[in-house]
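In this text, residue positions in the sequence shown follow numbering that gives the first Met the number 0: the first is 0, and each later residue adds one.
Some hints could be false.
In the DSSO-like style, the derived pairs of lysine-lysine whose C-alpha atoms are separated by at most 27 Å in a straight line are [what the hints assert, rightly or not]:
#: 1; residue 1: LYS15; residue 2: LYS31
#: 2; residue 1: LYS40; residue 2: LYS15
#: 3; residue 1: LYS15; residue 2: LYS43
#: 4; residue 1: LYS15; residue 2: LYS48
Worth flagging that the hints you see were computed from the coordinates, not collected in a lab.
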Amino acid sequence: MLYFFPLISNEMEDIKIITFCAISTGVFGFPKQETAHIAVKTIKSMAAKSPKYI
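Make the full structure from the sequences, and use the hints.
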């Protein structure tokens, strides 16, 4: 959901750039590679559904 909601918000606003941090990859030790995979998968999915906003 971290990656999904900013993309939805982008549809409603005239936002040009969105950045994401790698939440939980530091202190909590969530794997950075898996975090990147989730982010890319979510963004690709959103791009397929609403390409004009990506």
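Results of checking the hints against the structure:
no. : hint           : in the structure
1   : LYS15 to LYS31 : holds, 25 Å
2   : LYS40 to LYS15 : holds, 20 Å
3   : LYS15 to LYS43 : holds, 17 Å
4   : LYS15 to LYS48 : holds, 18 Å
Of the numbered hints stated above, none is contradicted by the structure.
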